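The whole structure should be built from the sequences, with the hints applied where relevant.
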Amino acid sequence: MIIDKLENLRMYAALNPRIALVCKYIATHSLADLPVGRYLIDGEDVYVNIDLVQGKHREEAVLEYHHRMMDIAIPLTAEEEYGYAPVAELPDAEFDTQRDFAKVEEGVCQTYLTCKLGNMVICLPQDGHAPGICKSPELKKAIFKVAMY
Numbered sequence: 001m002i003i004d005k006l007e008n009l010r011m012y013a014a015l016n017p018r019i020a021l022v023c024k025y026i027a028t029h030s031l032a033d034l035p036v037g038r039y040l041i042d043g044e045d046v047y048v049n050i051d052l053v054q055g056k057h058r059e060e061a062v063l064e065y066h067h068r069m070m071d072i073a074i075p076l077t078a079e080e081e082y083g084y085a086p087v088a089e090l091p092d093a094e095f096d097t098q099r100d101f102a103k104v105e106e107g108v109c110q111t112y113l114t115c116k117l118g119n120m121v122i123c124l125p126q127d128g129h130a131p132g133i134c135k136s137p138e139l140k141k142a143i144f145k146v147a148m149y
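Take the sequence shown: its position 135, counting from 1, is numbered 135 in my numbering, and each next residue is one higher.
Everything labelled a hint here was simulated from the structure, so no lab data went into it.
Since this is a predicted model, take the numbers as computed values, not measurements.
Just to be clear, a hint being listed does not mean it is correct.
Said to hold, decoys possible - Derived CB-CB ranges, DEER-like:
| hint | residue 1 | residue 2 | range |
| --- | --- | --- | --- |
| 1 | Ile3 | Val36 | 37 to 43 Å |
| 2 | Tyr39 | Leu117 | 16 to 22 Å |
| 3 | Val108 | Leu34 | 33 to 39 Å |
| 4 | His29 | Glu79 | 33 to 39 Å |
| 5 | Arg10 | Glu60 | 33 to 39 Å |
| 6 | Glu89 | Val36 | 30 to 36 Å |
| 7 | Ile3 | Ala32 | 18 to 24 Å |
| 8 | Glu7 | Ala78 | 17 to 23 Å |
As the list claims (entries may be wrong) - The list that follows gives simulated cross-link-like pairs (lysine-lysine, DSBU-like), each with its CA atoms no further than 35 Å apart:
| hint | residue 1 | residue 2 |
| --- | --- | --- |
| 9 | Lys5 | Lys140 |
| 10 | Lys135 | Lys116 |
| 11 | Lys56 | Lys116 |
| 12 | Lys135 | Lys56 |
| 13 | Lys140 | Lys116 |
| 14 | Lys135 | Lys5 |
| 15 | Lys103 | Lys140 |
| 16 | Lys24 | Lys116 |
| 17 | Lys24 | Lys140 |
| 18 | Lys103 | Lys56 |
| 19 | Lys5 | Lys56 |
| 20 | Lys56 | Lys140 |
| 21 | Lys24 | Lys56 |
| 22 | Lys135 | Lys24 |
| 23 | Lys5 | Lys24 |
| 24 | Lys5 | Lys116 |
| 25 | Lys116 | Lys103 |
| 26 | Lys103 | Lys24 |
| 27 | Lys103 | Lys135 |
| 28 | Lys5 | Lys103 |
By construction, the Cβ of each residue, glycine as well, lies at the ideal position given by its N, Cα and C atoms.
See below:
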């Protein structure tokens, strides 16, 4: 899991060349002004979900992970905290290959990281992450989904 300033995102294109498409999209769109929804950038390989989620307390957050996609999440209205645990250390969970998603109900976060406004978090397939922890009752965020292969 990587947390950094959004302005540094282009430096991570070495991890995945598709990140350049995300940078271009961010430069040409006002994420905060986009309505809630899903926006395709490069078909199913790169897209962004604009979500409005209810803020959760740490004990309400559930770990999740993906195999095929990385998440690049950007809080738009309030800072967001993420629980973290390596996927390799999590209990088995049913994986939905169609949605590229597993929810680990029994998973325990090892640590918590805060993503402030103006920052972004990159969650790679090996990163179990529990998003949506927020002091604000509501959080608007952008989650770019980027295919790893």
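Distance restraint between Lys116 and Lys103, which requires alpha-carbon spacing of 35 Å or less:
At roughly 24 Å apart (the allowed maximum being 35 Å), Lys103 and Lys116 satisfy the hint.
- Does Lys56 pair with Lys116 here, judged by a C-alpha cut-off of 35 Å? holds, 16 Å
- So the hint says 33 to 39 Å: do the beta-carbon atoms of Val108 and Leu34 match that? holds, 34 Å
TODO: Could you grab the alpha-carbon distance between Lys103 and Lys135 and see if it respects the 35 Å cut-off?
DONE: holds, 22 Å
Q. For the pair supplied as a hint, Lys5 and Lys116, is the alpha-carbon distance within the 35 Å limit?
A. Roughly 9 Å between the alpha carbons, so the hint for Lys5 and Lys116 holds.
Compare the distance between the alpha carbons of Lys24 and Lys140 with 35 Å, and conclude whether the hinted pair is satisfied.
Answer holds: Lys24 to Lys140 is near 21 Å, not above 35 Å.
Q) Does Lys140 lie within 35 Å of Lys56 when you go C-alpha to C-alpha? A) Distance ~13 Å between Lys56 and Lys140 Cα, so the pair holds.
For the pair supplied as a hint, Lys5 and Lys103, is the alpha-carbon distance within the 35 Å limit?
-> Distance of about 27 Å is within 35 Å: holds.
Is the distance from the Cβ of Arg10 to the Cβ of Glu60 consistent with 33 to 39 Å? For Arg10 and Glu60 the Cβ distance comes to about 34 Å; the hint holds.
ask   = When you check the alpha-carbon spacing of Lys24 and Lys116, does it fall within 35 Å?
value = holds, 22 Å
(Q) Check the hint pairing Lys135 with Lys116 against an upper bound of 35 Å on the C-alpha distance. (A) holds, 12 Å
Is 33 to 39 Å respected by the C-beta to C-beta distance linking His29 and Glu79? violated, 22 Å
Checked against the numbered hints given earlier, the structure breaks hints 1, 4 and satisfies all the rest.
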